[in-house]
Each structure stands twice: as C-alpha cells, then as structure tokens.
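Engineer: Protein chains in written order, with this note's numbering: chain A, 414 to 735; chain B, 63 to 305.
Derived by calculation from the structure, the hints in this document are not laboratory data.
The model shown is predicted, which means the values in this text are computed figures rather than measured ones.
A portion of the hints provided could be inaccurate.
To be verified - Some chain B residues flagged as far from chain A (calculated, every beta-carbon gap over 12 Å): (1) G116; (2) T133; (3) Q248.
Stated by the list, open to error - Just some of the chain B residues that point at chain A, by a computed CB distance under 10 Å: (4) G123; (5) Q162; (6) L166; (7) N288.
C-beta: ideal position from N, C-alpha, C; glycine also.
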Amino acid sequence: MIGVMSYLVFFATTASILAIAVLGLNLQWGNTGLFNGGVVAFFGAGAYGTLILGGTSQEGHLGGFGVIYPLALLGGMAAAGLMAWIVGLLTLRLRHDYLAIATFGVAVAFENLMRNAEWLAGGAKGVRGFERPLRAALGDGFLYNILFFLVVLAILIATYLFLERLVASPFGRLLRAIREDEEAAQSLGKSPAKVRLTAFVTGSVILGLAGGLYGTFYAFVSPQDVLPTLTFQIWAMLIVGGAGNNRGAIFGAFLIWGAWTASGWALSRFAPIEAQLYTGSVQFVLIGSVIVGMLMWRPEGLLPERLVVSQRGSTPSNKQGE
Amino acid sequence: MPETVLEAHGVTAGYVPGLPILHDVSMGAQAGQITLIIGPNGAGKSTLIKAIAGLVPVGSGKITFESQDITGLATDQMSTRGISYVPQTDNIFRSLTIRQNLDLALRRAKSDAPARLAQLLEQFPALAAKQRDRAATLSGGQRQFLAIAMALATAPRLILMDEPSAGLSPKATQDVLEHARSLTEQGVAILLVEQNVNQALHLADHCFILAEGRNQIDGPAKDLLNDKVVGEIYLGGRRVQTT
Ligand SMILES: Nc1ncnc2c1ncn2[C@@H]1O[C@H](COP(=O)(O)OP(=O)(O)OP(=O)(O)O)[C@@H](O)[C@H]1O
Ligand SMILES: [Mg+2]
C-alpha cells in the first residue's frame with residue numbers, strides 16, 4: 414500500500430514539476446506565439462543554477478556556494494532568465510523562425526557545455542554535493558516526499574494563478590494583439606520586440622523554476638537530464654493539452670507524463686525481450702506520433718484557448734460581416 | 063495660410079533594398095486639412111503612407127513632422143510624436159472585445175484614459191453599444207470606426223488613413239469620410255488614401271496624384287475635380303463629369 418502511495422506521490426511530483434514547465438512554454442508559444450525549440454536549456458539552466466548555488470563545496474567543479482535554498486532556486490531562475498534575455502535580444506527582432514533555430518542551437522550547446530566542461534558542472538558525472546532542503550529535519554522517507562510534493566503543488570498553483578492574471582491583464586491583451594497583428598499593434602505605439610522579450614524571459618524564468626525544482630527533487634542533475642527528448646515531451650504536453658490555455662497545459666502535462674510512464678512500464682513488462690532494449694526509442698516514436706496525430710486531428714488541443722472574454726450572459730452573435 | 067505639419071522631400075523607398083517603389087516623391091499635409099493621395103492600383107500610395115509611418119525603410123529623402131526629422135523613426139515611436147496610422151487592412155484586433163481594443167490604444171494615455179474613453183464612446187455611439195462584443199462581430203463600417211477611434215486615442219495631430227472605405231457600402235463610405243472631415247475641425251491633419259476618388263475629392267482640401275511611384279499632378283482638390291485631363295486619366299472621366 415505504502416509502495417503504491419509513494420509511487421503516486423513520486424509520479425505526481427514529477428508531473429507537477431513538468432506542468433510548471435509547460436506553463437512557462439505556454440506563455441511563450443500559446444500566448445505570444447514564440448517558438449522555443451530549446452525548452453530544455455532554460456529548464457537545465459534552472460536545475461544547474463539551483464544545484465551549483467545551493468550545493469556544498471565540491472572538488473573539481475564549480476559550486477558549493479551553500480546558498481540558502483530559496484535563494485539558490487531564485488538564482489537558478491535568474492540564470493534561465495539571463496540566458497533567455499541574451500538569446501531574445503539577439504533573435505527576437507528577426508523573423509520568427511530564427512528564434513526556433515537559435516533556441517534549438519542553444520539547447521544543443523548547453524548540453525554539450527555541461528557534458529564537457531568538467532570544471533563548471535562536473536561534466537558527464539553531473540553536479541554532486543547538493544542536499545535537499547530540510548533533509549536533516551525531515552529525513553529521506555515518505556514524509557519528506559509528500560511534503561515536497563505539497564510544496565511543488567503550491568508552486569504550480571501559484572504559477573497558474575500568476576499566469577491567469579497576467580493573461581487577463583492589459584499586458585496579456587497586448588500579447589494577444591501582437592500575436593494577431595504586429596503592424597497594427599505597432600501603429601498604436603507598442604513595441605512588439607520589447608513585449609516579446611518580456612514574455613520570452615518570463616516564460617524562461619518559469620522553465621528555470623521547473624528545472625530548479627526538478628534538480629532539487631533528485632538532488633542531482635547531469636547532461637542526461639537536458640537531452641532534447643525533454644523539449645519534445647514538454648511540447649507534446651502543451652500541444653495535447655491545448656496551447657493558449659493554462660489549464661490545458663497542466664492537464665496535458667499529467668496526461669502525457671502518465672502515458673509516457675505507462676508506456677515505459679508496459680513495454681518493459683510485455684514487449685519481447687529483444688524489443689526491450691529499444692524501449693526508449695519506441696516511446697520516442699509514440700510521443701512523435703501523438704504530436705503529429707494531435708496536430709492533424711485536433712490542433713487546438715484537448716482544452717482549446719478560450720478567446721471569449723468577460724461576456725457574461727451573452728454569447729458572441731454570429732453576425733455576418735458586410 | 064494653414065500650417066504645413068508633414069513634409070516629404072524626394073523620398074525614395076521600397077520593401078527590398080535596391081528595388082525602390084517610390085521615386086523622389088515629395089508632398090506635404092496641412093493642419094486642419096484633408097490631404098488626399100490618389101492613383102491607380104500599385105501606384106505606391108500605401109507604400110508612401112507606410113514610409114511615413116516607419117514601416118517601410120526610406121532609402122533617400124527626408125520626412126519631417128512639425129519641423130522635426132522623423133525619417134526612419136520606429137513605428138511604435140510615432141504615436142508619442144503625435145502621429146497615428148490606420149492600416150489599410152487588419153487594423154483592429156478581432157479576438158479582443160471593442161472595449162479591450164480601445165483600452166489597448168489608450169494605454170499610453172495613462173491618467174486621462176477614462177476621460178478619453180468616455181469621449182471616444184460619445185463620438186462613436188455604435189461602438190459604445192457593443193463594448194463587450196468581440197471586434198470580429200462588427201460590421202465593416204463599424205470596424206473602420208473602431209480603427210479610427212483607436213487612432214484617435216492618443217490625441218494625434220496627424221492621422222494617416224489608408225483606404226478607410228475599402229469594402230464599405232457607399233453610405234458607410236460617406237459616413238467614414240465625413241467623420242474624417244469633422245476631425246480636421248479641431249486642427250488635426252489627415253493624410254488620406256482613397257479609391258472613391260470622386261467622393262474624396264469633394265471632401266479633401268488638397269490632392270496629390272501618384273502613379274508608378276512618382277508624383278504626377280497635385281493641386282487643390284476642387285481644381286482637380288474639374289480638371290478634364292485628371293478626370294480622364296486617373297478618375298475614370300465619366301464619373302467625375304456627372305457630378
Ligand atoms: N510587402 C511588400 N513587399 C514587396 N513589394 C510590395 C509590398 N507591398 C506592396 N509592394 C509593391 O509595391 C508597389 C506599390 O504597392 P502599394 O501597396 O503601395 O500600392 P497602392 O497604390 O497602395 O495600391 P492599392 O490601390 O491597390 O492599394 C506594388 O508594385 C506592390 O507590388
Ligand atoms: Mg494600398
């Protein structure tokens with residue numbers, strides 16, 4: 414019983430952390446139309462940043478600053494934001510596809526840097542020496558995990574509420590206006606480049622937050638955690654859940670993470686021995702198929718963006734234009 | 063003599079470097095007047111307006127507004143200088159409500175935004191009644207009024223209007239043009255591109271004719287209305303003569 418429970422807590426914690434990341438991507442893509450092809454780099458910057466700042470002193474790589482945990486997490490978020498700011502400054506003025514290419518490149522570079530620069534973050538062996546906060550007081554068991562889950566859940570809810578308010582605010586409207594028609598927005602005196610940069614950095618800080626929590630959960634991060642697979646998973650979650658809809662983003666995270674874990678378990682259990690070696694690859698094909706299928710049959714996602722705004726009582730009449 | 067607020071001198075501009083659409087175009091617009099730009103399709107009318115609005119790079123020449131050089135100034139800086147631009151198409155945000163469209167336009171106005179909003183709603187009663195509806199549900203004429211209302215939000219001294227009557231019925235066209243006329247009474251300068259040449263010439267003060275990206279003829283609107291050559295070449299002779 415406790416085994417099932419602790420597995421559920423483990424699952425829900427991971428899914429909630431991923432949901433925070435999907436919310437960050439949703440601000441960028443769903444609300445602003447910015448194609449971030451390197452989600453994992455910003456997630457990774459948060460994870461590495463948090464562990465390097467919050468960890469104990471280590472031989473052979475940077476870190477061991479022993480910063481108190483909340484500050485370490487904020488530092489990880491700042492690292493993700495700073496990276497986004499630099500990438501954004503360089504690419505957001507250019508055509509949209511450049512951002513996709515640039516971010517993808519950044520993610521590849523990030524992974525390679527982490528794999529090779531041992532002095533920085535331990536190279537392939539990863540960042541060691543981080544202790545989960547309050548571990549001494551709470552121990553390592555079920556209690557710790559359930560409390561950690563509750564904290565993550567609270568952060569997920571706070572992020573959701575923050576983004577809902579942001580989208581409903583004048584700034585959120587501006588995001589939508591710019592996505593709809595850039596020239597018209599410009600002629601009203603708005604600077605699309607600045608607004609996009611703000612949205613891109615904010616989304617990346619949220620990705621960094623998710624990464625920081627992820628690193629904290631495992632008390633470890635290595636280049637294996639920042640592979641392109643994660644970018645695709647987070648994208649699949651958003652596309653399936655419904656880009657532009659924050660609830661959809663969270664729903665998609667739980668659904669896809671559930672499907673991912675279940676398919677991994679099913680494959681390892683029922684697939685022929687020879688095929689089990691390729692479990693990872695099969696899962697990859699599955700997630701690709703889900704993205705393609707979704708884009709073909711229900712591109713707006715399971716919970717589509719709600720464009721109807723504060724129209725209590727009156728549904729928009731389908732009047733014909735002139 | 064009305065004050066000349068906008069001046070373009072020998073402007074060469076185009077979308078692709080080395081491929082100018084406008085060649086050495088010069089023109090001016092006066093406060094309190096409607097300055098009309100007409101010409102055949104593809105003449106470069108929209109390009110001229112976009113070059114003034116900072117949306118098309120200017121290769122050579124100079125554009126000044128109230129004696130300040132605004133050549134190449136970013137579009138989003140124009141509204142702080144007192145210039146509004148109403149694009150030819152897609153000039154409102156369909157997915158937002160009418161009220162949200164106006165709020166967006168009023169963001170710069172800050173403290174006096176509520177007062178200006180009230181003013182605009184008074185000026186456009188059709189919009190006031192539909193504030194909570196999505197802009198996509200507006201009729202063509204109402205859409206243009208919304209676009210104009212948004213352009214007015216920043217209390218501009220120059221409004222660039224690119225074919226505000228495109229796709230409108232003759233009645234709606236007349237309403238829009240007359241509204242433009244009424245705006246000039248407060249001293250606003252309007253630079254207007256129109257296809258309904260005849261109607262527009264009756265309302266405008268001065269008119270420039272462009273063809274193939276070059277200045278052709280210009281003069282007081284009344285004179286051009288009665289000019290036979292102009293009538294035949296650019297306005298489709300008959301229509302002009304019947305009025
Ligand atoms: N975005 C663009 N990129 C490249 N060329 C363009 C672009 N927009 C317009 N042009 C070209 O510039 C020339 C002038 O176009 P413009 O839109 O200024 O004409 P116009 O006088 O406004 O015509 P209309 O009466 O049809 O609106 C045309 O040859 C057109 O093909
Ligand atoms: Mg045009």
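Engineer: Hint by hint, say whether it matches the structure.
Structural biologist: Verification of the hints:
no., hint, result
1, G116, "violated (8 Å)"
2, T133, "holds (17 Å)"
3, Q248, "holds (20 Å)"
4, G123, "violated (21 Å)"
5, Q162, "holds (5 Å)"
6, L166, "holds (6 Å)"
7, N288, "violated (33 Å)"
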